[in-house]
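Peer 1: Protein chains in written order, with our numbering: chain Y, 285 to 1182; chain Z, 304 to 398; chain V, -16 to 110.
Think of the hints as simulated: they come from the structure by calculation, not from any bench. Hints may contain errors.
[To be verified] Each pair of labels, with its calculated beta carbon distance range:
1. Z:349 <-> Y:805: 37 to 43 Å
2. Y:805 <-> Z:380: 45 to 51 Å
3. Y:1020 <-> V:76: 21 to 27 Å
4. V:30 <-> Y:987: 26 to 32 Å
5. Y:1023 <-> V:43: 33 to 39 Å
6. Y:942 <-> Z:380: 54 to 60 Å
7. Y:996 <-> V:43: 28 to 34 Å
[Claimed, not checked] Stretches of chain Z that chain Y covers, calculated by requiring three or more beta carbons in the stretch to come under 8 Å of a beta carbon on chain Y:
8. 335 to 349
9. 362 to 370
10. 373 to 384
[Stated by the list, open to error] Straight-line alpha carbon distances no greater than 16 Å define the calculated EDC-like cross-link-like pairs of lysine to aspartate or glutamate that follow:
11. Y:1004 <-> V:-3
12. V:10 <-> Y:982
13. V:9 <-> Y:841
14. Z:361 <-> Y:351
15. V:71 <-> Y:841
16. Y:720 <-> Y:819
17. Y:873 <-> Y:841
18. V:10 <-> Y:939
All C-beta atoms, glycine included, are put in the ideal place defined by N, C-alpha and C.
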Amino acid sequence: MSSFWIICWSLVYLLLLFVIADRAERRSSHKRSWVNNPYVYALSLAVYCTAWTFYGSVGRAAESGPDFLSVYIGPTLIIPLWWIIFRKIIRICKVQRITSIADFISARYGKSRALGVIVTVVCLLGIIPYISIQLKAITSSFLILSGNETSPNQSFLSDQSFYIALMLIVFAILFGTRKLEANERHEGLVAAIAFESLVKLFAFLAVGVFITFGIFNGFDDLVTRAVKVPELRKLFTLPENQTGNWFWHCFLAAIAILFLPRQFQVTVVENIDENHLKKAQWLFPLYLLTINVFVLPIALSGKLLFADEAIKSDTYLLAIPLHFKQQGLAFLTYLGGFSAATSMIIVECTALTVMFSNNLLMPFLVSRQGWHERMGSSIGSFVITARRLFIAVIILLAYAYYKNVSDKYSLVSVGMVSFAAVAQFAPAALGGICWKRANLTGAMSGILAGTIVWFYTLIIPSMASNGLISSDFLAHGPAHIHWLRPEAFLGLEGMDSLSHGVFWSLFFNVSFYVFGALNFSQSAVEHNQAALFVDIFKYDTTYERSVAWRGKALVTDITNLLSKFFGEMRAQRAVTLYIKRNKLALSAKYADPQLVNYAETMLSGAIGAASARVVVASVAKEEPVTVDEVIDILKTSQELRLVNEELTRKSRELEQLTGQLKEANERLQQADREKDDFLSTVTHEIRTPMTSIRALSEIVHDNPDMDEEQQKHFLSTIIKESDRLTRLINQVLDLERFETGKYQLTKETFQPETLIDESINSIKALATEKNIIIQTSYVGKLPAINGDFDRLMQVLINLLSNAIKFCPAQNGLIQMYAKAEGNHLSFGVKDNGPGISAEHLALIFDKFYQGNAPLARKPKGSGLGLAISKKIIELHQGSIHVQSTVGEGALFTFEIPV
Amino acid sequence: MIVEVVSLFGNHFISVALITGTFSLSLLMNTNRKISLVAMCVVAIVLFNTPFLSIFNKPTFIGSIPVFYGFLFGAWLVIIGATAWLLRQSEAEDE
Amino acid sequence: MTRQHIKIVIVDDEPNILMSLEFMMKKEGYKVFIARDGEEAVDIVRTEIPDVVLLDIMMPKVDGYEVCRFIKSSPQYQHAKVIFMSSKSRETDLQKGYDLGADLYIPKPFSTRDMVAKVNALTMSAV
């Protein structure tokens, strides 16, 4: 494939990425984000897999067996803890608008500028070699694919890798520094990275499948052949004395993945929703596992195929398809490696640039007198330009490193040394989120000590093997001091160089860190930040109120300051919005401390915590705040929060009480209405017979001459009506006694048959008068009842007389039964009258149930009988029911326990 | 060869079962998500390091799968699955 | 017009009240019709075109209010005097009766003598 076409297609691919990024950015501004889901998030984390994974793993596997897996298994070991560690870090960064690992560490330790500078420098030192190996990978894959291996000592103008570096500069600038953002989130970038992760996985699997199943006959075939070669046999296990190193490699990868600038960028800064972590926590290791499945088969087949040829094992992935004339597949592989390398370079550059501008450039700038007067309103664009230049510088530095140093090492070893540099942040960062006492002195001395030891034990040896330092230094130590040998520091031997370096650097790092924390004190700001970091879940809502700041600043000064960075419109809008949202006085001349702090947080997003502090201080007259005051403020805000919670709880209780009261009130009103209804019904029921009695007695009184027959009739009517009146009054009184619970049952034991017989006897005359037949049946042997005989008889008589009332004039039939059912005795009275319609069934046991339906045909009687019956049965712990179909009579039943 | 495989797994099965059993029991018994996650992490670290790892660090094969690789990938998959399961369990819960 | 020509309809669902009023009115010489509910009352009003209606209110099917409304809304019958007699004796009940166009509202229980006197007075003015 000619290099011209490869370059063309690479450009087309980059263009495609750019289109994806652009679309993603547009969608996010329309609130239809592609990036806001856990799958894209997990894929973007796979920026972890660089060209090192893509080409280097195979090389590593071919040289030293399963050790290559430690870099992927390591992160998986602590991935369950991500939910604890990263959720906290993400929350802290969101609340404080932290946008890089350098910002994070400097913010935790009192927004220290010096610490920010140190972290940034360590990152640059550690990461530039790492970027250089990506350049190396792209270049060598390019050369292999185009088939023209070039001699290494040509001028850079005719060196293709130089042009590749230039191309990468352009794209890194396009992706990473489009505008100055207060939160430094780049949705377009993330979308492109996620896409590249898919491409590299697909490409790797495609080659793996082709080699394993296309060239060989599956895993079986490969392994069977490899086992026959003694040299390959040892690739299936770790060397006997290497299991210790395996641990250190796993450990290194596990912590490096937390603090590599690019990982911090995608995991923390670009995170949209904390809950995306949950899915990413298993999707991401699954990605790592998948991309590693074919590494060993490819390494084995490379060894088997090119046993006698001098082909570097780092390049097997390309060399094998090319060997079999698979141009298309080879190009796909190239694209995969290209994706792996470019995604790493772009994200890493973005992260490093933010660090550089927030921790080196801006602090330097703002510390100069009158800087913002000179800058005027162009400061935002100045920052962007500086960042772009810096990206170019980083990539050119990486290019220089590649040309002079990294060409002599494998991809993996350079990468691991970078990991070790980044691992120096672990004590300060992890300690910072869980140990309040940790302080600036400890953090700074720890990181410095660790980095020095890292340099001494890992970089010096590489310089020696490069000829920059005499190998004598390596073998015997400086000035022949034996225990200072860089690869056997303090006489520690038997570990590989990397594990040795990691151990010692972290040992000194942690020792200084802990020593510093225990023996030195914290400043006020540090104390404040320590509490905010460690107890972030407690403070995140009260953060703005808990700031220890005292001083004076004009609102106009604050607004002007913001508009220098974000433009006048955005600044004005942000301030007004904040004032409104927090109900601060709009017309106040001096800014509220909350507002000052808000401005500072907003600025930290754009220029870093330390610089933001300086910038804000430049427009505000600050008064020093003591540690005690900080503690007081924190305490107050804590207490306020508690009081607030208590208040919310109380008001919720009150609400509940009010609800209950309302309900009770409604119930009372209902009862009141019922009582009114009852009273007016009773009055009506009493007045009706009264009217008859009075009218008839007046007639008899005024007409002494009326005939005897009529007089008798009238008088007997008067007597009947008086009876009716008496009965009614008795029933009302009865009901009242039952309802208020004043009535005591007089219990005795008797046979139910007696009860039924007596009830029928007392009503027989009435039934006979209407030619009604009463049938009685007993089911089973009836047990004796213990109850109030008279009252139960009252119930039966009531049911019977109702039945009689409603039986038809012809062929009236009443069926009565009693049966034993378990520990119950049930009675039934059935008539063959007109039945009761469904709407009345429900009301039939209410007192004067026709009272609610005045137009219904009133049954003769007071309308209280069934209500009283129900009460009586309930007093016997029983229940009474009715069932009926219109036209088929009604069945009243009641059960009482025996 | 077959005898070797059987004895290898006879022995290993017991130790694997012992360790994972103890830990998974502690995971299941614990309703606190944080403690479960930490325990999960401890299980992973124990599984993937000496001395446990050296049990499998032998040039033997089951079929055509090298035992060491087989163990690494298998245990890896188990850790991933268990983490996913743990986090799903606690989906509803929130601080 | 003699009392023999004055038609009185007594409407009540309580037979004993009907009986007593019927006795009294007949004795006074009126021509008496009785109805046990609102429907019967309306039928009788239609056929007989009475002069006085003694009207209970709480009755099944068609209540006294309806009957009164029927009488007072039709030019043919509206000359008839309507006397409500009811156990509903609150101020608002009385008001409602008069609003419907009743000529008298007598709460139950009432004195028959009183009732006769009031009917006589009403019919006098009609005669």
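Peer 1: Are the hints correct? Go through all of them and say.
Peer 2: Structure-based check of all given hints:
| no. | hint | result |
| --- | --- | --- |
| 1 | Z:349 <-> Y:805: 37 to 43 Å | holds (40 Å) |
| 2 | Y:805 <-> Z:380: 45 to 51 Å | holds (49 Å) |
| 3 | Y:1020 <-> V:76: 21 to 27 Å | holds (26 Å) |
| 4 | V:30 <-> Y:987: 26 to 32 Å | holds (31 Å) |
| 5 | Y:1023 <-> V:43: 33 to 39 Å | violated (28 Å) |
| 6 | Y:942 <-> Z:380: 54 to 60 Å | holds (57 Å) |
| 7 | Y:996 <-> V:43: 28 to 34 Å | holds (30 Å) |
| 8 | 335 to 349 | holds (count 8) |
| 9 | 362 to 370 | holds (count 6) |
| 10 | 373 to 384 | holds (count 7) |
| 11 | Y:1004 <-> V:-3 | holds (13 Å) |
| 12 | V:10 <-> Y:982 | holds (14 Å) |
| 13 | V:9 <-> Y:841 | violated (107 Å) |
| 14 | Z:361 <-> Y:351 | holds (14 Å) |
| 15 | V:71 <-> Y:841 | violated (82 Å) |
| 16 | Y:720 <-> Y:819 | holds (9 Å) |
| 17 | Y:873 <-> Y:841 | holds (10 Å) |
| 18 | V:10 <-> Y:939 | violated (71 Å) |
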